[in-house]
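In the order they appear, the protein sequences are chains A and B. For the first sequence, the residue numbers in UniProt numbering are 1 to 377. For the second sequence, the residue numbers in UniProt numbering are 1 to 377.
A few of these clues could be false.
Because identical chains cannot be distinguished in the list, a pair is counted as satisfied if it fits within a single copy or across any two copies.
Derived SDA-like pairs (lysine to any residue); straight-line CA-CA distance at most 25 Å [to be verified]:
{"id": "1", "residue 1": "LYS215", "residue 2": "LEU320"}
{"id": "2", "residue 1": "LYS215", "residue 2": "GLY340"}
{"id": "3", "residue 1": "LYS2", "residue 2": "ASP24"}
{"id": "4", "residue 1": "LYS215", "residue 2": "VAL375"}
{"id": "5", "residue 1": "LYS2", "residue 2": "ARG129"}
{"id": "6", "residue 1": "LYS2", "residue 2": "ARG130"}
{"id": "7", "residue 1": "LYS2", "residue 2": "SER39"}
{"id": "8", "residue 1": "LYS2", "residue 2": "GLY64"}
{"id": "9", "residue 1": "LYS2", "residue 2": "ALA352"}
{"id": "10", "residue 1": "LYS2", "residue 2": "LEU51"}
{"id": "11", "residue 1": "LYS2", "residue 2": "THR303"}
{"id": "12", "residue 1": "LYS2", "residue 2": "PRO41"}
{"id": "13", "residue 1": "LYS215", "residue 2": "PRO176"}
{"id": "14", "residue 1": "LYS215", "residue 2": "ALA336"}
Hints listed in this document are in silico derivations from the structure and should not be mistaken for laboratory results. Note that the structure is a prediction, hence the values are computed from the model and not measured.
There are 2 protein chains.
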Amino acid sequence: MKIAILGYGTVGRGVDQIIAERVDGVEVTRILELPDRLSDPRMTASYDEILADEEVELVVECMGGVEPARTYIMAALESGRHVVTSNKAVVAAHFADFAAASVASGAGLFVEAAVGGGVPWIASVEKVRRIDDVSSFSGIMNGTTNYIVDAMRRQGADFAEVLAEAQRLGYAERDPSADIDGIDVLNKTIISASVAFGVACERDLPASGIRNLTKADLDLFAARGRTVKLLGRGVSEGGRYAAAVEPVAVAADSLEANVPGNFNLITAVGATVGELKFYGQGAGSLPTGNAIVQDVLDCVSGTRRPVYDFTSQLAYDPTLLRADYVLRTAAELGDAEPYGPGAVVVRDLTAAGARALLDEALATDPTTFMAALAVEE
Amino acid sequence: MKIAILGYGTVGRGVDQIIAERVDGVEVTRILELPDRLSDPRMTASYDEILADEEVELVVECMGGVEPARTYIMAALESGRHVVTSNKAVVAAHFADFAAASVASGAGLFVEAAVGGGVPWIASVEKVRRIDDVSSFSGIMNGTTNYIVDAMRRQGADFAEVLAEAQRLGYAERDPSADIDGIDVLNKTIISASVAFGVACERDLPASGIRNLTKADLDLFAARGRTVKLLGRGVSEGGRYAAAVEPVAVAADSLEANVPGNFNLITAVGATVGELKFYGQGAGSLPTGNAIVQDVLDCVSGTRRPVYDFTSQLAYDPTLLRADYVLRTAAELGDAEPYGPGAVVVRDLTAAGARALLDEALATDPTTFMAALAVEE
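Given these sequences and hints, build the entire structure.
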């Protein structure tokens with residue numbers, strides 16, 4: 001099969017390399033690149049030229065960002081070409097449109113690489129759903145923030161210091177907002193909930209990040225046998241679902257607490273299979289490239305053809321996600337009990353209610369940090 | 001598709017239940033049971049009767065043990081019927097014969113449920129191998145021994161006490177030898193190495209268990225930031241491979257160290273995807289039943305048809321697995337350095353050499369316990 005790659009950054013180059021070195025029967029014949037970077041005879045700056053090439057049957061989109069990725073993906077699907085994408089932003093924003101276009105034209109839509117890098121998460125959730133209802137999912141879905149929190153904990157370093165090191169190593173962007181404010185995890189959570197629950201997931205989910213996490217916060221939780229991880233979570237029961245992104249204070253002896261560096265660990269709970277966890281590199285040229293090539297091979301071999309049918313009647317109900325929340329803040333909060341020096345716990349909030357309370361506290365104390373308390377097993 | 005279940009114990013009943021409640025298009029029409037237990041119109045005590053039923057296209061074998069399971073599986077494959085089995089003992093003993101019969105008749109051979117219960121390990125390794133060479137695998141593959149070690153560590157209890165509790169809960173057999181001496185893990189390691197490396201794995205692998213593990217041993221390792229887990233491991237490089245089963249003293253902050261209760265966690269390392277870990281229930285009616293039904297669905301839908309081609313020229317080379325070994329023993333050992341009270345460390349042994357040293361020490365001190373020291377990252 002002849003395929004085109006849109007975007008020749010880290011991931012695009014990884015895909016090209018893996019296919020050239022390790023895959024028979026698939027050939028990258030076209031690459032979309034910027035006009036001033038056309039360094040390879042396969043490259044063009046014109047997407048129309050790629051669309052006009054009847055031999056190209058599949059398009060790998062790894063440009064990132066919403067536009068022009070959205071337009072290119074829709075055009076590919078509408079022309080009957082299969083699409084494999086690692087672009088979480090565009091899938092989170094337009095999953096339902098892509099799914100409908102895919103169903104209409106019969107073209108395949110593969111999004112494994114958009115969540116969890118090399119972790120075989122999306123295909124595994126689809127497989128679980130052949131037999132089980134997925135009652136919940138939860139996980140570390142962002143390598144950058146896990147690297148930061150893990151280094152803060154193991155080295156006793158503070159946030160700014162570790163972030164700077166992560167930027168130096170290329171694990172964090174120069175503008176780290178998408179990672180540290182939970183936007184990247186929000187996109188991955190929307191995609192995961194859509195696949196896990198078979199619903200076009202609500203996009204306006206409660207989300208907060210780790211921008212204000214300090215070494216003292218980690219010490220406070222460590223003294224109570226916990227550490228903090230940024231988790232994307234979703235739950236479904238009784239015809240309703242909810243999802244959220246927030247720092248969670250997990251037990252220090254949980255698997256999540258011990259995930260090192262920039263790895264990801266994502267859990268699905270199925271009715272008969274119980275708890276399944278999937279761990280691997282959450283980013284990087286070769287792991288993410290591997291996830292894309294696995295999707296390409298599924299498509300070429302016909303062994304997997306995901307059909308995203310978002311006609312489910314599940315209703316979004318944010319009250320399904322409840323927890324006790326710890327806030328380290330100078331703000332005065334009603335209904336709060338002491339948790340530790342400078343910190344209080346507020347009992348039994350919804351994730352949405354907690355996000356509103358965080359905003360209230362941030363208005364008084366912009367350094368406020370909030371984490372949900374994971375229920376002890 | 002009409003299928004037969006051979007053996008109606010915990011797993012067989014789980015398969016029957018899951019198919020009846022959750023799967024369309026598959027029907028259990030025949031069940032092989034003992035003559036005095038024929039409580040269902042689908043049951044027969046005659047395998048010949050099942051083989052004579054032309055409508056049965058697939059046989060689920062979950063009887064356990066080597067015979068008559070081997071004879072029944074061979075007969076099914078030779079008659080062109082697909083086989084799905086959870087029986088690690090018979091697959092470890094006769095994988096090459098089954099694979100050859102499967103290739104000859106074109107019938108499918110599915111062994112997901114033989115390793116790791118509900119953990120999607122075998123299919124995941126096959127998927128990794130579409131792109132990557134698997135350079136190594138390693139994991140907790142036995143829920144009973146993990147339950148024992150985890151309870152000893154968390155509750156500070158001793159081996160015999162926890163074993164008795166595990167037997168009471170049904171996690172351990174009345175005769176626990178297969179679990180605590182590493183035989184069960186040996187079978188799973190042979191199967192995993194065969195799938196991961198594409199070779200009919202040597203069966204005479206070094207193997208030891210946790211029968212002699214004491215609370216004092218765990219305390220000794222805990223003081224050095226480690227805990228003990230029984231691991232099956234394999235490695236392949238330069239046209240050679242090795243595998244072994246032994247207790248390993250892993251870092252206390254590794255994921256392996258923190259696997260609770262009777263869960264399994266198995267790791268594969270691929271060239272491009274890096275480290276992948278898979279976690280789930282290692283046993284039980286519904287998780288193992290789920291793994292079997294996933295195999296059945298792969299077969300029915302045609303989405304996965306494993307072909308085990310064991311013509312690889314990989315040579316078994318036990319010198320590939322080397323480590324430092326700690327022995328808690330009253331025996332006098334040459335080349336040993338002190339490790340702690342009553343314990344010594346012997347440097348750079350092969351797994352086979354360590355197993356021989358353990359036998360030597362056991363001859364003097366039958367309470368000797370040995371564990372490999374995992375390399376610190």
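Please flag the earlier hints that this structure goes against, numbers listed from lowest up.
-> 1 and 9
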